[in-house]
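Position chain V against the provided structure of chain X, taking the given hints into account.
Chain order of the listed sequences is X and V.
Residue numbering for the first sequence follows the working numbering, beginning at 1 and increasing consecutively.
Residue numbering for the second sequence follows the working numbering, beginning at 1001 and increasing consecutively.
Treat the hints as calculated values from the structure; they're not laboratory data.
Here the structure is a predicted model, which means the values were calculated and not measured.
Please note that the accuracy of each hint is not assured.
What the hints assert, rightly or not - In the EDC-like style, the derived pairs of lysine to aspartate or glutamate whose C-alpha atoms are separated by at most 20 Å in a straight line are:
1. X/K87 - X/E136
2. V/K1067 - X/D168
3. X/K360 - V/E1018
4. V/K1067 - X/D121
5. V/K1016 - X/D168
6. X/K375 - X/E336
7. V/K1016 - X/D177
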Amino acid sequence: MYESKTTEVTPMERMMAALNGQKTDRTPVHVYPRWAPLEYLGLTFKETWDDPDLWVKAQILGQERYQYDCVIDYDMMGPVEEFIGTKLKYPVNNVPMVKDPVIKTKEDMKKANWKLDPRKDGNMPKVLYVIRRLKEELIKRGHGKQQVPIMTWGSCPARTCACLTGFDRWFEIIIEDPDWAQELMELALPTWLEMVKAEIEAGADTVWVNDPVSAADTISRADYENLCQPMERRFIEAIRRETGANITMHPCGNWHDRMDLVAQNQADCYFLGPMDIRLCVDKITEQNKAGNACCKAINGNIGAATPSTTDGKTVLPYASTMNQSTADEIEGECKEVIKAVEEEGDLRCVLGPNCWAPAKVPPINYDTVVYAARKYGQYDGKPQA
Amino acid sequence: MGILDEIKESIIAMKKTEAIEFTQKAIDEGLAAEEVLNKALIPAMSTVGDQYEEGIKFIPEMLMSAKAMMGTLEILRPILTKSGQKSKGKIVLGTVEGDVHDIGVKLVGMMLEGAGLDVVVLGADTSKEEFLEAVQEHNASILGLSALLTTTMAGMKEVIDFLKEKGVRDKVKIMVGGATLNQRFADEYGADGFAPDAAQACVLAKRLLDEQSKQRSPAL
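Same shape as in the complex, but just chain X:
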């Protein structure tokens, strides 16, 4: 048995301190809890989309059940892309997906709705409603003090463009017409910036942004460096400037060959994909020390704690580790991740999977992550925050 020191620190204090590079009692846990709460209450995603209060209920009760340290709004819904003109498909038990992209030719750019007001246009107000309701409920349940932070989401310009053009067309545009790709990203950046500003205004405490279309298994390092990365950095810096929020970036997929560039995006935290944890820690630390980055924490990345994959080519499993592995295996992964992130002393670990925690994860595996954070993630000495 081990002695728990976790009773006096709230998830809000623990999570926000870690995102700022500070220590409290222990490593926080953030699993991007979309499916765990839905499955806990036996709900489909569509049911909660049709009734936002159900989403709020699921998030609150899910957090209380599993004791991780952060709740989320709908996340990754594409309400901005939908308002701009892309048609989405709404599956019964999944998030909406791009069905019919709005931009197929340059001419189509004229018919897109680039000017948007998140407070009144399309489905964006629904996302803001969920954030406001989460805030109210969390304050109520904390007897006047919010004890669990709300993380909201924003889409990096390259991802937004891929949703507006279709993914295969986006990849063609990058090669055939980089100037057009740049023009599209210039138009896309302010749309999601407006949405993120509204999300923070509605009560979100922190934000994560992601890019699943610029990984090493999709585009070249040169295309990332010349086209997408500068726009990601501008997006992240604009969010910080406009909202003051702490920002986590999720480079989704394998970014081994460009983690040095990713680190320069100026995010406070990187939510790592299926990548070697030690390689990522080394590259981020290197950029921090050179003054090119300001990373304070790493979120992840259970399923990638394999020391033999620093070749940058080995394919690591996605978040499937969470539903395929035993509790013992998960505990071992958690231990390795915490050690790898924390041992140099400069970075805080926010324990979680290496992408969205998938559907049908055995509850014991979530419990194991929280258990492992309590067991292996305790800090010695007085908390800094």
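Relative to the frame of chain X, chain V by itself:
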């Protein structure tokens, strides 16, 4: 550089217009369509696949090369059909129901066509009934199932179970792929093979075709 090399290099260099022009020239000069396919298109796409594996080419470059190759096939296909050229095998591909991501199946489809297979791409969000119908209608040797999301990949098992239920499973080899998949899932779902990317999918398809032809023509 001979005309076949010109075609091959144009495809590798993503130059669709040139690839089509050289292919037309080759046919006009009397080269057999089959020779162009076997000595230019197939080696070109094989090189593109290798370059992807080596991290030299990426998805945009693969897509562009595949499109250049598909342009040349527009010229070759009618000739191959007319001459009764026997296909190396027929494969039905699609993304499972509820998943609208189809870039993977499109890419795999083009790579397999470049490898000389007859390919039927059903596209995204395909129901198990549509997969069954396509497998039966085309007498497919292989069924390729794709899914990008952890939430939709279980749909692969539903398709495989449905084919079993309908008595078709043993007549077709099934390969699966998608970013979130791995061999363990493929085994759990009851697939015959798993490929992590388009280049590996070609290698796997060839292996499954060999196995399938042995099963369909057992030694006496």
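Do the hints match the structure? See the list:
1. X/K87 - X/E136: violated, 32 Å
2. V/K1067 - X/D168: Roughly 12 Å separates the two Cα atoms, so the pair holds.
3. X/K360 - V/E1018: violated, 50 Å
4. V/K1067 - X/D121: violated, 38 Å
5. V/K1016 - X/D168: holds, 17 Å
6. X/K375 - X/E336: holds, 12 Å
7. V/K1016 - X/D177: Measuring from Cα to Cα gives roughly 15 Å; hence the hint holds.
In summary, the structure is inconsistent with hints 1, 3, 4 from the numbered list given earlier, while agreeing with the others.
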